[in-house]
Amino acid sequence: MFQLADFSVSFGTATALRRATLDIRQGDRLGIVGESGSGKTMLALALMGMAPDAATISGRLTIDGHDMTHATEATWQQMRARRVAMIFQEPMSALNPLRRIGDTVMEPLIVHEGLSRAQAQARVLALLEEVGIPDPAARLRMFPHELSGGQRQRVLIALALACNPALLIADEPTTALDANVALRITDLLVRLAQERGMALVFITHDLAAVARTTKDIVVMYGGDMIERGPTAQVLSAPAHPYTQGLLAARPDPTVPPRDATGKRRRLPTLPGTVPPLAALPQGCRFSGRCSVELPQCAGTRPTDHALDADRSAACHLLGATP
Amino acid sequence: MTAPLLDARNLTRRYRLPRTSLLHPAPVLTAVDNTSFTIRAGETLGVVGESGSGKSTIARMVMAFETPDAGEVLFQGQNLHALSPYELRLQRQKFQMVFQDPFGSLDPRRTVGWSIAEPMRAIGADTDTARRTAEALEQVGLPARDADKYPHEFSGGQRQRIAIARAIVTRPALLVADEAVSALDVSVQAQILNLLMDLQDDLGLGILFISHDLAVVASICDHILVMQHGKPLESGPAAQVLRSPAHAYTQTLLKAAGVST
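Chain order of the listed sequences is S and G.
Sequential numbering from 25 applies to the first sequence in my numbering.
Sequential numbering from 55 applies to the second sequence in my numbering.
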């Protein structure tokens, strides 16, 4: 349905997204994992046709076979809400505080589907029920500040689902929420995707959330897609040195902080920090921080090496060893 | 056994909420209810819970920003809340705090050297600040010349290092870290956690480490206190709480923290 081919977004000499290639099919649940500055949010904005005006775009984005790479805003408005919708990190600032939530959720139904207010209201009730909001008829008349953070996120999910999108993009949907509320929201997203046969793109830096939610993942670093494959396989046996370092750096709650002799266990770390966009190395974006770097890494961009039928990683090291 | 560095006994803190009716007294929220814990020098206590569980109120009472309604905080045997304002100010050099937001906790118009030296000025010890600032910067892994730079020149992880330098410049015995790594990326988070462990080993710091993330707490804490709705749910040695959590709530936190499903 959604296809990116060699898709790049750049600002002058700074490349926020470099030659991204992605295929999203019906029923996919795809996780995009990366740290700040990895390009994961730029990818989401590109899929929504919301890349900043100042950006230079190259490559190709097709939706249902239509080339959307340089589509006009009017074309995108036809696409958004019906084909692709998005939910954001901060459920408070994404809702208009002066509008009742019923009116907010109704808006896309009236604008895009031309329903009357009465028809739209009936649909909104069903939607709020579907996303697990108790007593939806009373909630319709409430303002965002009267709801808890988890309920606001549910309202945003209802809003995104209003026009039955084929793809739902969730950008850090649980980062602002408490642990057990976050668990319920990720469970809800999985259930909705399965029941509706909707594709889900789940963008996060939270490896635990991505493990619970998605079937496949793409790991991003410095604007490059550096590793991809089934979630369970990538997380249990990461191939790219960056993915390995990222997973090792994540504390494991089952390992006690001191070993048998009472000495502290230090966490394995990745040296340094993500460089600014304009200062990223031309070759492998991870070169300079990588522990197993080869001479060609800094200058030549590694290509994807297939590891399996559905797994690949972009690293020169994998090409060197047969 | 030596006396603990910090001994918090039966802490209770209530807040009066806005009145909802003319006819009834204002409702009262008990933010922390009858909570006790101790921290020894060189050890870390992790307080875990979600928003509203009372963890930050505990930090504020330990830092003597707020007075408990019942109970007391004994720091090196002294009841912090019974001290005169002047005595408290002098004691403050021995317990310092690191906050969550490395962007909001540094003054953007001042050099980081100025910010790091501020606790020294606050206790009137303003001789020797340049050398102590340089020393603190080196202890957190930054070059001493960074003292002349401004916060915007640093990344989030580096800013959190600066905030830690500010907290250790007075050579405290206790460090209170309230969600100190929550705003950082995973790889940077690990660097800061290692830094805290190194500082603890070098300086013998006691650390009160507050977080909503059980995985982070597990990596650094010797003891864990789990809070929910202001009440202590369970506490004990980290290994024991993590291996056999007594409460369903602790299990939920563990599930949320685990990569394995």
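Possibly wrong hints are sitting among the right ones.
Below, a sample of chain S positions facing chain G; criterion: calculated Cβ distance under 8 Å [claimed, not checked]: (1) G89; (2) T93; (3) A203; (4) V214; (5) R274; (6) L294.
Incomplete in silico selection of chain G near chain S, CB under 10 Å [said to hold, decoys possible]: (7) P162; (8) R164; (9) H206; (10) L247; (11) D255.
The hints are simulated quantities; they were obtained by calculation from the structure and are not laboratory data.
We put the CB at the ideal spot given by N, CA and C, even for glycine.
Hint by hint, here is what the structure shows:
1. Restraint check, G89 (chain S) versus chain G: the minimum CB separation of about 35 Å is more than 8 Å; hint violated.
2. A cut of 8 Å between beta carbons decides the hint on T93 (chain S): the least distance to chain G is about 31 Å, and the hint is violated.
3. Because the smallest distance between the Cβ of A203 (chain S) and any Cβ of chain G comes to about 4 Å, under 8 Å, the interface hint for this residue holds.
4. Because the beta carbon of V214 (chain S) sits about 11 Å from the nearest beta carbon in chain G, more than 8 Å, this interface hint is broken.
5. Because the smallest distance between the Cβ of R274 (chain S) and any Cβ of chain G comes to about 6 Å, under 8 Å, the interface hint for this residue holds.
6. Evaluation of the L294 (chain S) hint against chain G yields a held restraint, the C-beta minimum of about 4 Å falling below 8 Å.
7. Because the smallest distance between the Cβ of P162 (chain G) and any Cβ of chain S comes to about 19 Å, over 10 Å, the interface hint for this residue is violated.
8. Taken as an interface hint, R164 (chain G) does not check out: its beta carbon lies about 23 Å from the nearest beta carbon of chain S, beyond 10 Å.
9. Hint status for H206 (chain G) relative to chain S: violated, with the closest Cβ pair at about 13 Å, above 10 Å.
10. Evaluation of the L247 (chain G) hint against chain S yields a held restraint, the C-beta minimum of about 6 Å falling below 10 Å.
11. With a cut of 10 Å, the hint placing D255 (chain G) at the interface with chain S holds, because the nearest CB-to-CB distance is about 7 Å.
Consistency with the previously given hints fails for numbers 1, 2, 4, 7, 8 and 9, ordered from lowest to highest.
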